[in-house]
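S.K.: These protein sequences, in sequence, are chains V and B.
For the first sequence, the UniProt record's numbering begins at 1 and goes up steadily by one.
For the second sequence, the UniProt record's numbering begins at 1 and goes up steadily by one.
What the hints contain is simulated information worked out from the structure, not anything from laboratory work.
This structure is a prediction, so every number in the text was calculated from the model and none was measured.
Hints may be right or wrong, so weigh each one.
Identical chains blur together in the list; that is why a pair holds if it fits in one copy or across any two.
Unchecked claim - With a Cα cut of at most 30 Å, we get these calculated DSSO-like pairs of lysine-lysine:
#, residue 1, residue 2
1, K126, K523
2, K425, K338
3, K533, K126
4, K119, K546
Okay, here's what each chain looks like letter by letter:
Protein chains: 2
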Amino acid sequence: MQKSTGKRRRRPRGGKGSASLKFIPLGGVGEIGKNMNVLEYGDDILVIDCGLMFPDEEMLGVDFVIPDPAYLMANRDRIKGILITHGHDDHIGALPFILPRLDCPIYATRLTLGLIRSKLEEIAPKYELKAHEIAAGDVLEIGCFKVQPFSVCHSIPDGVGYAIYTPVGVVVHTGDFKLDPTPIDGRATDYALLASLGTKGVLLMMSDSTNVERDGFTPSERMVGKTMEQTFRLYRNRRIVVSSFASNLHRIQQVIETAVRFNRKVALIGRSMVANVARARELGYMNVDEDVFIQPSEIEGFPHSRLVVITTGSQGEPFSGLVLMSRGDHKHIKLGPKDLVVISALPIPGNERLVHRTINDLFRQGCEVIYEAEQNIHVSGHASREELKMMLSLVKPTYFVPLHGEYRHLVRHKQLAEELGLPSKNVFVMEKGDVLSMTKRQARLLEKVPSGAYIVDGRAYSDLNGQLLSERRDLAEDGLVCISAVYDPAGNLLAPVSIESRGFLHRADADELYRSIEDSVEKAIKAAKAEGKDEDISSRIRSAVKGVLKRFSMSAPVILVLTNEVQSGNGFACKFSRREQIK
Amino acid sequence: MQKSTGKRRRRPRGGKGSASLKFIPLGGVGEIGKNMNVLEYGDDILVIDCGLMFPDEEMLGVDFVIPDPAYLMANRDRIKGILITHGHDDHIGALPFILPRLDCPIYATRLTLGLIRSKLEEIAPKYELKAHEIAAGDVLEIGCFKVQPFSVCHSIPDGVGYAIYTPVGVVVHTGDFKLDPTPIDGRATDYALLASLGTKGVLLMMSDSTNVERDGFTPSERMVGKTMEQTFRLYRNRRIVVSSFASNLHRIQQVIETAVRFNRKVALIGRSMVANVARARELGYMNVDEDVFIQPSEIEGFPHSRLVVITTGSQGEPFSGLVLMSRGDHKHIKLGPKDLVVISALPIPGNERLVHRTINDLFRQGCEVIYEAEQNIHVSGHASREELKMMLSLVKPTYFVPLHGEYRHLVRHKQLAEELGLPSKNVFVMEKGDVLSMTKRQARLLEKVPSGAYIVDGRAYSDLNGQLLSERRDLAEDGLVCISAVYDPAGNLLAPVSIESRGFLHRADADELYRSIEDSVEKAIKAAKAEGKDEDISSRIRSAVKGVLKRFSMSAPVILVLTNEVQSGNGFACKFSRREQIK
Numbered sequence: 001m002q003k004s005t006g007k008r009r010r011r012p013r014g015g016k017g018s019a020s021l022k023f024i025p026l027g028g029v030g031e032i033g034k035n036m037n038v039l040e041y042g043d044d045i046l047v048i049d050c051g052l053m054f055p056d057e058e059m060l061g062v063d064f065v066i067p068d069p070a071y072l073m074a075n076r077d078r079i080k081g082i083l084i085t086h087g088h089d090d091h092i093g094a095l096p097f098i099l100p101r102l103d104c105p106i107y108a109t110r111l112t113l114g115l116i117r118s119k120l121e122e123i124a125p126k127y128e129l130k131a132h133e134i135a136a137g138d139v140l141e142i143g144c145f146k147v148q149p150f151s152v153c154h155s156i157p158d159g160v161g162y163a164i165y166t167p168v169g170v171v172v173h174t175g176d177f178k179l180d181p182t183p184i185d186g187r188a189t190d191y192a193l194l195a196s197l198g199t200k201g202v203l204l205m206m207s208d209s210t211n212v213e214r215d216g217f218t219p220s221e222r223m224v225g226k227t228m229e230q231t232f233r234l235y236r237n238r239r240i241v242v243s244s245f246a247s248n249l250h251r252i253q254q255v256i257e258t259a260v261r262f263n264r265k266v267a268l269i270g271r272s273m274v275a276n277v278a279r280a281r282e283l284g285y286m287n288v289d290e291d292v293f294i295q296p297s298e299i300e301g302f303p304h305s306r307l308v309v310i311t312t313g314s315q316g317e318p319f320s321g322l323v324l325m326s327r328g329d330h331k332h333i334k335l336g337p338k339d340l341v342v343i344s345a346l347p348i349p350g351n352e353r354l355v356h357r358t359i360n361d362l363f364r365q366g367c368e369v370i371y372e373a374e375q376n377i378h379v380s381g382h383a384s385r386e387e388l389k390m391m392l393s394l395v396k397p398t399y400f401v402p403l404h405g406e407y408r409h410l411v412r413h414k415q416l417a418e419e420l421g422l423p424s425k426n427v428f429v430m431e432k433g434d435v436l437s438m439t440k441r442q443a444r445l446l447e448k449v450p451s452g453a454y455i456v457d458g459r460a461y462s463d464l465n466g467q468l469l470s471e472r473r474d475l476a477e478d479g480l481v482c483i484s485a486v487y488d489p490a491g492n493l494l495a496p497v498s499i500e501s502r503g504f505l506h507r508a509d510a511d512e513l514y515r516s517i518e519d520s521v522e523k524a525i526k527a528a529k530a531e532g533k534d535e536d537i538s539s540r541i542r543s544a545v546k547g548v549l550k551r552f553s554m555s556a557p558v559i560l561v562l563t564n565e566v567q568s569g570n571g572f573a574c575k576f577s578r579r580e581q582i583k
Numbered sequence: 001m002q003k004s005t006g007k008r009r010r011r012p013r014g015g016k017g018s019a020s021l022k023f024i025p026l027g028g029v030g031e032i033g034k035n036m037n038v039l040e041y042g043d044d045i046l047v048i049d050c051g052l053m054f055p056d057e058e059m060l061g062v063d064f065v066i067p068d069p070a071y072l073m074a075n076r077d078r079i080k081g082i083l084i085t086h087g088h089d090d091h092i093g094a095l096p097f098i099l100p101r102l103d104c105p106i107y108a109t110r111l112t113l114g115l116i117r118s119k120l121e122e123i124a125p126k127y128e129l130k131a132h133e134i135a136a137g138d139v140l141e142i143g144c145f146k147v148q149p150f151s152v153c154h155s156i157p158d159g160v161g162y163a164i165y166t167p168v169g170v171v172v173h174t175g176d177f178k179l180d181p182t183p184i185d186g187r188a189t190d191y192a193l194l195a196s197l198g199t200k201g202v203l204l205m206m207s208d209s210t211n212v213e214r215d216g217f218t219p220s221e222r223m224v225g226k227t228m229e230q231t232f233r234l235y236r237n238r239r240i241v242v243s244s245f246a247s248n249l250h251r252i253q254q255v256i257e258t259a260v261r262f263n264r265k266v267a268l269i270g271r272s273m274v275a276n277v278a279r280a281r282e283l284g285y286m287n288v289d290e291d292v293f294i295q296p297s298e299i300e301g302f303p304h305s306r307l308v309v310i311t312t313g314s315q316g317e318p319f320s321g322l323v324l325m326s327r328g329d330h331k332h333i334k335l336g337p338k339d340l341v342v343i344s345a346l347p348i349p350g351n352e353r354l355v356h357r358t359i360n361d362l363f364r365q366g367c368e369v370i371y372e373a374e375q376n377i378h379v380s381g382h383a384s385r386e387e388l389k390m391m392l393s394l395v396k397p398t399y400f401v402p403l404h405g406e407y408r409h410l411v412r413h414k415q416l417a418e419e420l421g422l423p424s425k426n427v428f429v430m431e432k433g434d435v436l437s438m439t440k441r442q443a444r445l446l447e448k449v450p451s452g453a454y455i456v457d458g459r460a461y462s463d464l465n466g467q468l469l470s471e472r473r474d475l476a477e478d479g480l481v482c483i484s485a486v487y488d489p490a491g492n493l494l495a496p497v498s499i500e501s502r503g504f505l506h507r508a509d510a511d512e513l514y515r516s517i518e519d520s521v522e523k524a525i526k527a528a529k530a531e532g533k534d535e536d537i538s539s540r541i542r543s544a545v546k547g548v549l550k551r552f553s554m555s556a557p558v559i560l561v562l563t564n565e566v567q568s569g570n571g572f573a574c575k576f577s578r579r580e581q582i583k
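Work the whole structure out from these sequences, hints included.
M.R.: Below you can see the structure in the form of C-alpha cells.
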C-alpha cells in the first residue's frame with residue numbers, strides 16, 4: 001500500500017501517541033563533574049543526580065562549582081523528585097545548595113542517603129529532607145513515570161542505575177558503573193534486568209563515558225585485595241600506611257581484612273575517613289570488630305610490624321592526613337625508613353602536581369612509597385571500552401546519549417556506539433542545556449534551556465561571577481598598586497600621596513620607583529587643574545602611574561586610584577570624592 | 001705489612017693526591033627543569049647547562065624560573081666555561097639572564113649554538129657571545145679539565161653528553177638521552193665510547209632520571225614515522241594537521257617526508273615552528289626542497305587531500321596555532337569534519353588541562369583527533385628503565401648521582417643502581433646546592449652552597465620574591481577591598497569614605513555591605529580619636545571592616561587601608577599620612 005502511493009505516511013504530529021519525552025543534561029556533559037540530568041514528560045519532571053565539581057586552577061579562590069539551577073527553579077512546581085545514583089560528591093554535592101530551594105522529595109539507597117544526610121547537616125542543617133529510601137529491585141510510581149533502580153558496581157557501595165518507564169518508552173540511565181563480575185559485596189551490576197529490558201526494547205540509554213579511552217576491561221576491585229596481600233607479605237616488617245578515597249569503602253574494607261589476616265591493628269586518620277567508616281559500620285556496609293582499631297594517639301610506640309594506618313590524602317589535598325605526614329607535620333605519626341606508604345588511588349586529572357609533590361615529600365621522609373606507576377594497587381570504578389560495548393549490546397537502545405565525560409569522551413563513546421551498529425543520527429553528543437525531544441518514532445534537538453555553572457565560594461551560594469574571577473586573575477598576574485591623593489580645589493596636595501602595593505615590588509626594594517610615582521601623581525593633578533579638567537584627574541593619575549611603571553618594569557599591575565578633593569573655607573566641607581580604577 | 005700493624009694506613013689528607021673534585025647541582029634535581037650543574041677542582045669551575053623551568057600554578061603571574069646564580073656570581077672568576085648538552089629550554093633557557101653576568105665562554109654543538117644565539121638576540125641582544133662550536137668526538141682542554149663531548153639521541157638533534165677527565169678521575173654526564181638504535185640522523189648514542197670509559201674506570205656518572213618509572217625501552221623515533229605513514233594512508237582524503245614541539249626537528253622532518261611521499265604540500269604554522277625549521281634547514285639539519293612548502297595564506301582553498309599543516313600548540317599553549325584553530329579563531333585555517341588533527345606529543349605534567357581543553361575544542365569543530373591515548377603517535381626522548389640499566393652497566397661508575405628528575409625519580413634511579421650492584425653508600429640522591437666532594441678513594445657530602453629559584457616576571461630578571469607570590473595568592477583567593485578615609489584632627493570625615501574592590505563583590509551587587517563598611521570606618525575613626533589613640537586608627541578601621549565582611553560573607557578579602565589626616569588652620573597643612581595594611 002505504501003509503495004503504491006510512493007510516499008511514506010506519517011501520523012499527524014501532536015496527537016496523543018506522539019507526545020514527547022524530553023531529556024536535558026544540566027551538568028556532567030562536556031565535563032567530568034556536577035552531574036545533573038532532567039527527564040520530563042507533560043507536566044512531570046524527574047531530576048537525576050545533583051553533583052558538584054571542583055574548580056580548575058583558573059577559578060581563583062573558588063571552592064567548587066554547581067550546576068546552574070535556573071531551569072529547575074523556573075519549573076519547580078513540576079519536579080516530582082530527584083533520583084540519586086550513588087554517594088559521590090559529583091552526584092550529590094550540590095544538594096545542600098539546590099535542594100532547599102526546590103524542596104522536592106529525593107530517592108536514594110540507604111548508604112547514599114546516609115551520605116546525603118551528612119552533607120545537609122553540615123551545610124544546610126535547618127532543611128528538612130523529604131527522603132525516600134530505595135533499594136535495587138524496587139518499583140516506584142513517581143508522577144507519570146515508573147522508576148526501577150537496579151544495582152551497578154562502582155567505587156562506592158550501593159550504587160544504582162535507573163530504568164524509567166515513560167509513556168513514550170523505556171529509558172535506561174546506567175549511572176557510574178563497571179561490570180565487576182566479582183564485587184566485594186557480591187552485588188553485581190544487574191545484567192539480567194538490562195538484558196530483559198534490551199529484549200523488550202529501550203527507547204533511550206544514557207551511559208558513563210569516563211573510561212572510554214581505556215581498552216579492555218577494568219579489573220575487579222578484588223584485584224586490589226590480592227595486591228594488598230602480596231604487599232603485606234613483602235613488607236612484613238614495616239609499618240604500612242594506606243591512603244585511599246574515604247568513600248571507597250570496599251577498598252578500605254579489603255585493607256582492614258588484610259590487616260586482620262596479618263595480625264595487624266588499624267588506625268584511621270582523617271576526618272572523612274573516620275566518619276565514613278563509622279557510618280558504613282553503623283549502616284551495615286562494613287563488618288569489622290571494634291577491637292581491630294587503635295586510636296591515632298596510640299600509634300606512637302606501637303610496633304611497626306603490627307600496624308596499618310589508613311588515611312585520607314590520596315589526592316595530595318592540603319592539610320589531609322597523608323600530606324601532613326609527608327611534611328613531618330602530623331602530630332600522631334612520624335614517617336621514616338621503616339614505613340611503607342601505599343597510595344591506592346590515581347590522581348584525578350588536575351591533581352597531578354599535588355599528588356606528585358606529596359610522593360616526593362614522602363620519599364624525603366625516607367620511607368618507601370608505592371604509587372600510581374605500580375600495577376594493581378588501584379583499579380578504576382568506571383567501565384572500560386569492552387564493558388561499554390557490552391552495556392550497549394545488552395540494552396540495544398534506539399537512541400543513545402553518552403554522559404559523564406569531557407567532550408572528547410562523549411565523541412569517542414558515540415564512535416563506539418556507531419561501531420556497534422547504532423545509526424549516527426540516533427546518537428547525540430549533548431552539551432549542557434541541550435534538549436533532546438523524543439517520540440516513539442523520532443528524536444531531535446530543540447532549543448537550549450538555561451544552563452551553566454554556579455560558583456560556590458565559602459559556604460554561601462555566592463553570586464561571584466565571571467567578572468570577579470577575571471579581576472582575581474588580573475590581581476594574581478602582576479599584583480596591585482593603590483594610589484590615594486588628597487588635594488584642594490587648586491590642585492595642591494593636602495597630604496603626601498599614599499601608595500600601597502600587594503604582589504608587586506615593595507617600596508623597600510624600589511624606593512626610586514615609588515618616588516617617581518609620587519611625583520607623577522602630583523604633576524598629573526596640577527596639570528588637570530591647570531587645564532580645568534577636574535573630571536579627568538583620576539584617569540590622568542592612572543596614565544601617569546602606568547607610564548612610570550612601564551619605564552621601570554615590564555609588569556602591569558592593577559592600578560587603583562582613590563582621589564579626594566577637600567575644599568577649604570570655614571572649616572571643611574566635602575566637595576566630591578571620585579574614584580576610578582582601571583587595570 | 002698493613003696486617004701486621006693491625007691498622008689500615010691512610011695517606012694524610014690534603015696532600016696533592018687527595019685533592020678533591022666537587023660536584024654541585026644547582027638545578028634539575030628534585031624537579032624537572034632548570035638544569036644547571038657545577039664541577040670544580042682547585043680553582044677551576046665548569047658549569048654544565050643553564051636552563052629554565054616553567055612555573056607551577058601557585059607561582060601566579062610568573063613567566064618562568066631560573067636557577068639562583070648566587071654561587072656562580074660569587075665564583076665567577078673561577079668559571080672556565082659553560083658546557084651545553086642540547087638546545088631545549090630546560091638546558092639553555094636561563095643563559096640570556098645569567099650568561100651576560102658571568103661573561104664566560106660557552107661550548108655547544110652547531111644546532112644548539114644556533115638556538116642559543118636566537119634566545120640571546122631576543123632577550124639580551126647587546127651581549128657578545130663567547131661561543132665555541134664543538135662536535136661529538138672533539139677533545140677540549142678547559143682549565144684543568146679535558147672535555148670530550150659524545151653523541152646521544154634525544155628529542156632534538158645534535159645532543160651530547162660529556163666525558164670529563166679530571167685529576168681525580170673520569171666524570172660522565174649523560175645529558176638527556178635515549179638509546180635509540182635507529183635514530184633518524186644515523187647519529188646513535190656513542191655506546192663504544194661509554195663502554196671503553198667503563199672498562200678503564202669512571203669515577204662519577206650523572207644520568208637522566210626522567211623516565212625511570214617506565215619499564216622496558218623507549219621506542220625509536222622511527223616508530224612515529226611508521227605511525228604517520230599508516231595515518232596518512234588511513235586518512236587519505238582528509239586534510240591532516242600535525243602538532244608537535246617545534247624543537248623536535250626529526251619528528252617534523254618525518255612528517256614532511258611522509259607528506260612528500262603522499263604527494264601533499266606542507267604549511268608551517270606558529271612562530272617557533274617557522275623559525276626552527278628555517279634554522280634547521282639553514283644549518284643543514286633538515287634536507288627539504290623549498291617547493292614542498294606553501295604559505296599559510298594559501299591554505300584556504302587548497303585541496304584537503306593534498307595538504308599537511310604542521311603547527312605549534314601541542315601543549316595547549318594559549319595563542320598557539322593549534323589552540324587558535326581549536327576555537328575557530330585562526331585566520332588562515334578553519335577546521336571541520338574533513339580534517340584530521342594529530343597531536344604528536346604528550347602533555348608535560350601540569351599541562352594536562354590545557355591540552356585536554358584543546359582536544360575537546362577540536363572535537364567541537366567537528367574534526368577527528370588522534371591524541372595521547374593512541375599508540376605510537378609520540379615517543380619520548382628519554383631512556384626507560386632498561387636503557388638506564390644499560391647505561392649504568394656500560395659505564396660502571398664508582399659513584400652515581402641521578403639527575404633530571406623529581407625527588408621520586410631520583411630515589412627510583414638510586415634503587416635501580418642498587419639492583420645492579422652499586423653499593424648504596426656510593427649513590428647520592430642530591431638536592432639543589434648539595435656539594436659532593438670526591439677523591440680517588442671516597443666521596444662525601446659537604447655543606448650546601450646557596451641555591452634556589454630566581455623568578456623571571458616579564459623580560460627582566462626580577463627580584464620578585466616569595467612574599468610577593470604569597471601576596472598574589474591572597475589577592476587571588478578572595479580579592480581585595482581598599483578603603484581610603486580623609487579626616488581632620490577631630491576625627492571628622494572631610495570626604496566620603498572611598499571603597500574600591502577587585503575580585504570581591506561589587507558595590508552594585510552589595511550596596512548594603514558597602515554602606516555598612518562606610519559606617520564602620522567612620523565610627524572607628526571617631527572612637528580612636530575620642531580615646532586619643534591616633535596611632536591605632538588604621539588597625540581599628542581594618543578590624544571594623546573585617547568584622548563587617550565576616551558578618552556578610554564567609555570570604556576574607558585582603559583589606560588595604562589608606563588614611564589621611566588633614567589639619568585645618570590658615571590654609572592646609574599636612575600633618576601625617578599613615579598607612580597600614582593587614583590581610
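S.K.: Determine for every hint whether it applies to the structure shown.
M.R.: Each hint tested on the structure:
1. K126 / K523: Cα proximity of K126 and K523: none, with 59 Å in one copy and 35 Å across.
2. K425 / K338: between (60 Å within a copy, 18 Å between copies)
3. K533 / K126: neither (57 Å within a copy, 44 Å between copies)
4. K119 / K546: between (48 Å within a copy, 28 Å between copies)
In this structure, the earlier hints numbered 1, 3 are contradicted, and the remaining ones agree with it.
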